[in-house]
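Colleague: All chains, please: the whole structure from these sequences, using the hints.
Protein chains: 2
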Amino acid sequence: MKVKEIMDKDFVSVSPQQGLEEASLKMEKYRKFTTPVVDENMKLIGWITTLDITRGFREGKETIQEIMHNKQSVHHVHENDPARLAVLESAKHKLVSMPVLNDEGIVVGLVRTYDIVENLSQLYEIKVYKIFKAMEQELKGVSWDELMEAAAIITRRRTGHRIKPEEYEQRIRESTFGEAIWATGGLEKFFVGLIAIGELVIARKVARARK
Amino acid sequence: MKVKEIMDKDFVSVSPQQGLEEASLKMEKYRKFTTPVVDENMKLIGWITTLDITRGFREGKETIQEIMHNKQSVHHVHENDPARLAVLESAKHKLVSMPVLNDEGIVVGLVRTYDIVENLSQLYEIKVYKIFKAMEQELKGVSWDELMEAAAIITRRRTGHRIKPEEYEQRIRESTFGEAIWATGGLEKFFVGLIAIGELVIARKVARARK
Numbered sequence: 001m002k003v004k005e006i007m008d009k010d011f012v013s014v015s016p017q018q019g020l021e022e023a024s025l026k027m028e029k030y031r032k033f034t035t036p037v038v039d040e041n042m043k044l045i046g047w048i049t050t051l052d053i054t055r056g057f058r059e060g061k062e063t064i065q066e067i068m069h070n071k072q073s074v075h076h077v078h079e080n081d082p083a084r085l086a087v088l089e090s091a092k093h094k095l096v097s098m099p100v101l102n103d104e105g106i107v108v109g110l111v112r113t114y115d116i117v118e119n120l121s122q123l124y125e126i127k128v129y130k131i132f133k134a135m136e137q138e139l140k141g142v143s144w145d146e147l148m149e150a151a152a153i154i155t156r157r158r159t160g161h162r163i164k165p166e167e168y169e170q171r172i173r174e175s176t177f178g179e180a181i182w183a184t185g186g187l188e189k190f191f192v193g194l195i196a197i198g199e200l201v202i203a204r205k206v207a208r209a210r211k
Numbered sequence: 212m213k214v215k216e217i218m219d220k221d222f223v224s225v226s227p228q229q230g231l232e233e234a235s236l237k238m239e240k241y242r243k244f245t246t247p248v249v250d251e252n253m254k255l256i257g258w259i260t261t262l263d264i265t266r267g268f269r270e271g272k273e274t275i276q277e278i279m280h281n282k283q284s285v286h287h288v289h290e291n292d293p294a295r296l297a298v299l300e301s302a303k304h305k306l307v308s309m310p311v312l313n314d315e316g317i318v319v320g321l322v323r324t325y326d327i328v329e330n331l332s333q334l335y336e337i338k339v340y341k342i343f344k345a346m347e348q349e350l351k352g353v354s355w356d357e358l359m360e361a362a363a364i365i366t367r368r369r370t371g372h373r374i375k376p377e378e379y380e381q382r383i384r385e386s387t388f389g390e391a392i393w394a395t396g397g398l399e400k401f402f403v404g405l406i407a408i409g410e411l412v413i414a415r416k417v418a419r420a421r422k
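Line order of the protein sequences matches chains B and X. Residue 193 in the working numbering sits at position 193 of the first sequence; the count goes up by one each step and never skips. Every position in the second sequence, counted from 1, becomes a number in the working numbering once 211 is added.
Fair warning: there could be bad hints in the mix.
On the chain B side, residues computed to face chain X include the following (Cβ under 7 Å) [claimed, not checked]:
{"id": "1", "residue": "Met1"}
{"id": "2", "residue": "Lys29"}
{"id": "3", "residue": "Phe33"}
{"id": "4", "residue": "Leu51"}
{"id": "5", "residue": "Val74"}
{"id": "6", "residue": "Asn80"}
{"id": "7", "residue": "Leu85"}
{"id": "8", "residue": "Val87"}
{"id": "9", "residue": "Ser90"}
{"id": "10", "residue": "Ala91"}
{"id": "11", "residue": "Thr113"}
{"id": "12", "residue": "Val192"}
By construction, these hints were calculated from the structure, which means they are not laboratory data. Where is the CB? At the ideal position from N, CA and C, for every residue including glycine.
Modeller: Structure (structure tokens):
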């Protein structure tokens, strides 16, 4: 996935000559804390935040160019950069948003941190049930009941906790991938649990086939 | 994981009687776009953003209570809420940060969207190699080379693309979980691919054991 697939193309910008009052009205109207400063061709010149505007108001500044951060100090990404770069940059520099440039240095979009959260959190919200359903489909000749039975056995082996297959099924219907990796202690551990269940049902299947 | 495990306990706040100038200086100093308004016991009374402050400056307002959002309109979470609730709320309401309350309505921390991104992105950055290593450890009696060979076979079956086991190993050393799920078309598909590899090595192992 590339940056251009997660960026917001619908953004507001200001010009360096714009007055502080006008810029603040625009940012309030669109509820933006951060905004690129661009020239008439939409090339990135600088960056302002509402913190620069409050300072500008206090200090009696009049135009954007008096308060903006220069292009050199603005964290930005290229539209063809991998999306994960934008994610890492946002977290590292604690950004609210970041301009996305094309080859000509033109601002083509913004990557917003809350969009990243939405994007990333979708993964966490996938039901564990769906992963087991995909597993059932993949493992030809293994029934859903066998899978749940194996899951109950593995759970008991690992945690000492007795659980019935139908209770296990109920649990995975409710729990999400995010909860599961937190509960099991991480992605690798979660996955290892699945493999253990897979190993048990596959061994049983192979044994059956050989009879 | 609970909200209190991901919240930032080190935050600034303002009082309703505070002047706009003083509050803006504080927010600029700590580089905060959003801040809780609290009483002398740190109970949540309201919420302000730098957008409220720019408007307040323009309109000649003097104190925080003239511009703040009342408590009723502030999205907040409880310290014992599941962390995922904070993630979902942040994405849904496009928040920069959100106050965390205890049973007494006291602000005990803030959940910041960029912290969530950092937290979520750690998962995406896990190397696929580590997942295979966990798989190798789990599947007693299956060697690393067998695992890579099976992975190359499954890749060829699924994509038609011929890949040598050592090329496969190189690939998973470089690629992350995030890239892998984007490349395979989603979490379920990624897991299904791993399960298919697991099935192949397990079937071979069982066959060996029966000889």
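Colleague: Are the hints correct? Go through all of them and say.
Modeller: Verification of the hints:
no.: 1; hint: Met1; in the structure: holds (5 Å)
no.: 2; hint: Lys29; in the structure: violated (10 Å)
no.: 3; hint: Phe33; in the structure: holds (4 Å)
no.: 4; hint: Leu51; in the structure: holds (5 Å)
no.: 5; hint: Val74; in the structure: violated (15 Å)
no.: 6; hint: Asn80; in the structure: violated (15 Å)
no.: 7; hint: Leu85; in the structure: violated (11 Å)
no.: 8; hint: Val87; in the structure: holds (5 Å)
no.: 9; hint: Ser90; in the structure: holds (6 Å)
no.: 10; hint: Ala91; in the structure: holds (4 Å)
no.: 11; hint: Thr113; in the structure: holds (5 Å)
no.: 12; hint: Val192; in the structure: holds (5 Å)
Checked against the numbered hints given earlier, the structure breaks hints 2, 5, 6, 7 and satisfies all the rest.
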